[in-house]
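Position chain X against the provided structure of chain P, taking the given hints into account.
If you want the building blocks of each chain, they are given just below.
Protein chains: 2
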Amino acid sequence: MSMRPLTLGVAGLGTVGAGVLKLLADNADVVAARAGRPVAVVAVSARDRARDRGVNTAGLRWYDDPVALAGDAGVDVVVECIGGSEGPAKALVEAALRAGKPVVTANKALLAVHGAAMAELAGSTPLAFEAAVAGGIPAIKALREGLAANNLSRVAGILNGTCNYILTTMREQGREFADVLAEAQKLGYAEADPSFDIDGVDAAHKLAILAALAFGRPVDFTSVHVEGIREVSALDFQMAEDLGYRIKLLGIAQRTEAGISTRVHPCMVPQAAPIARVDGVFNAVVAEGDFVGRVVLQGRGAGAGPTASAVVADVIDIARGRFTPVWGSAAGALAAVPSVPMSAHTGCYYLRLMVVDRPGVIADVTGVLRDNSISLESMLQRGRAPGEAVPVVLTTHECQEAAMRAAITRIEDLAAVMEKPVLIRIEPA
Amino acid sequence: MSMRPLTLGVAGLGTVGAGVLKLLADNADVVAARAGRPVAVVAVSARDRARDRGVNTAGLRWYDDPVALAGDAGVDVVVECIGGSEGPAKALVEAALRAGKPVVTANKALLAVHGAAMAELAGSTPLAFEAAVAGGIPAIKALREGLAANNLSRVAGILNGTCNYILTTMREQGREFADVLAEAQKLGYAEADPSFDIDGVDAAHKLAILAALAFGRPVDFTSVHVEGIREVSALDFQMAEDLGYRIKLLGIAQRTEAGISTRVHPCMVPQAAPIARVDGVFNAVVAEGDFVGRVVLQGRGAGAGPTASAVVADVIDIARGRFTPVWGSAAGALAAVPSVPMSAHTGCYYLRLMVVDRPGVIADVTGVLRDNSISLESMLQRGRAPGEAVPVVLTTHECQEAAMRAAITRIEDLAAVMEKPVLIRIEPA
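Same order as they appear, the protein sequences are chains P and X. Here the first sequence stands for residues 1 to 429, numbered as in this note's numbering. Here the second sequence stands for residues 1001 to 1429, numbered as in this note's numbering.
I should point out that these hints are in silico values taken from the structure, not numbers from a laboratory. Keep in mind that the hints are not guaranteed to be accurate.
Unchecked claim - For the chain X half of the interface with chain P, some residues (derived, Cβ under 8 Å), not all of them: (1) 1149; (2) 1333; (3) 1337.
In this text, a Cβ means the ideal position worked out from N, Cα and C, and glycines have one as well.
Bound-form chain P, shown alone (with noise of 0.2 Å):
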């Protein structure tokens, strides 16, 4: 192999960056096999020079200012690994994408936020973004051009990783959200500050993504209905058990009527379906078509390998000269579908209550359902302690949001009923 390699750029020496460069270092032949030519990396960009990465960094040219990467004639790709959706990272991709220079980045949050903009400026210059979505699973590739001859009418996933792993160990261990959360960042599956995850935010982001590949739109991050997993117990977790279901945070994106639907909230899946069993910090994306029918991927969703493994893909397809649009669509073909608000979507509910043991309750509580024109499937009361808080449960069939919404408001003024209810929905598998 005599061809000229092909030399990154890469901003960002944490996990991912290097990650990034250990894979070129370890797999430098099969990269070179795969890409048709070899790939080095030639210059990079970091706040700490000192800093031991674990990596080789002598002669690499570095550069304090990321975006200064962009503007080095020696670099033909960026590799960005710093994240978020401002500063320097948004900074050095618009450098990049302005000088005609192909971008691979691992960024969920610049691409759901300023994803459109972002297309518009690449143009025909590649923008790769495997790694911001699930990891080392090749979700993107498999939307974008794998599935790329169906319509999709859902698209579901795991996306979050830190979530998963306190839900499977709270499942697991029966125990409570505060205690595996506090025991999680102990072992650096969660950060300091956690609420970038546990509040679905991170996941909303992804989600943003998949949707906007999966339907073929603009991304539109502002329209995800987004909740996190503080609120749901150890107690969800036995009553989910007894109902033959599993506690999983997934985003869903779905087509419907109306519109497009995106929404991260804990929910309730059978334990039959595979998603239910994707556990710890593994991902899972779940994709329906017209044609392929169900596709299910799963992996290892964060991480520096899995996440290394995606970007250096990304490298190799512009190596190739592998180009796909960023949304799979030229701007001009994504469709103008409408995103649908929360309060229309309409599914199955898990409803759990502590309420007074006492004669009519349940008798108030089912009454504020039946006069939102909710109707019941299950109800269980948990023990019995007159007079003090019990656990009731209440399974719903198929109903609006909007409706359900509207009782639980009056259900939480019930003098009987002592603290705010926690709202699982129930998903079909």
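Frame of chain P; chain X shown alone:
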């Protein structure tokens, strides 16, 4: 979109070819958006012009001889849906590639048997075959592009829907092989001559293709060890359940120190393994890479819709100019890794014997195993019937296939062993 359409000639209008025509008619808009230009079938070839295939062939140029399609100057891309490793399918693909015309094929036999010669003939002309393995699952794309940055250590899969349907039904309904096969034939899930599927040949074709892609080496069908599912009985499913396993026909390609082993045979897999839960006509592919870890893909492995989805995805790649060498790397960059014979395999075994229930029989059997250095993990006799045949099941610790074969030959010769022993290899999750 004012570009000239990409024109297709489709040879073979059976399930797959008719499915391709239907998809291109139904999903013309989404295909054009993803392809960047319209895609139009302009010519077809099939034996019987009069047959109603449920698709509109009016206005298409009709060729009785499929090879003539390749010579049609108005055909940009040849889509081969005839099937078979020899005859018209091979002649057509060769003619098209010689004419420098891109080919999309669903033909696993052709790729498995003649893949090396076809790749040489293709050179820089696209020869795409996503539909050849695992139907609608974008497995080829995942291995060849999505996971391209990895050294893979193992690829395994449920690659034949007919076998998986039969095995699933046997387990769920406690029925015997012959009975379920007959029903599957009636339902159209199995061919009148089912040997291609149930003897593992179809899975072996697909495995040979996956192994070549995974390990970046020339395809080598003749080295695949092949066993089918005829000898698995309802009793084995009961025993598997008790032992915590499911029985699946797997194709497994593995990198060992000595080279690449490729094998298709029934396996006991732990019930908790993702692949154990892939039931019915579904397929699955599991890949393990040094950076990405384990990735699992599942979906429909056959049928008009999923196969057409894969064929048209390849057409879209060609329309976009996305090119990948047939085996993922240029011929010169393929590794010359030797194939390892089955006799060198090491693993754990499930061995079921029908033996006369009398003192000393187990001692004889276990003595033979000891003489071949095979260490037992468990032994279980089902039921008691002095003087009559009863099933005895043994599971072993890891041992050499050659030793196990030698032991079985001696065990078969024991007077108390009434039937041919059933051997099922135990695979780790």
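Here is what the structure says about each hint:
The beta carbon of residue 1149(X) is positioned within 8 Å of a beta carbon in chain P (closest approach about 4 Å), and the interface hint is therefore held. Nearest Cβ of chain P to the Cβ of residue 1333(X): about 4 Å, under the 8 Å cut. The hint holds. Of the supplied interface hints, the one on residue 1337(X) is violated, with its beta-carbon coming no nearer than about 12 Å to a beta-carbon of chain P, more than 8 Å.
When held up to the earlier numbered hints, the structure conflicts with hint 3 and nothing else.
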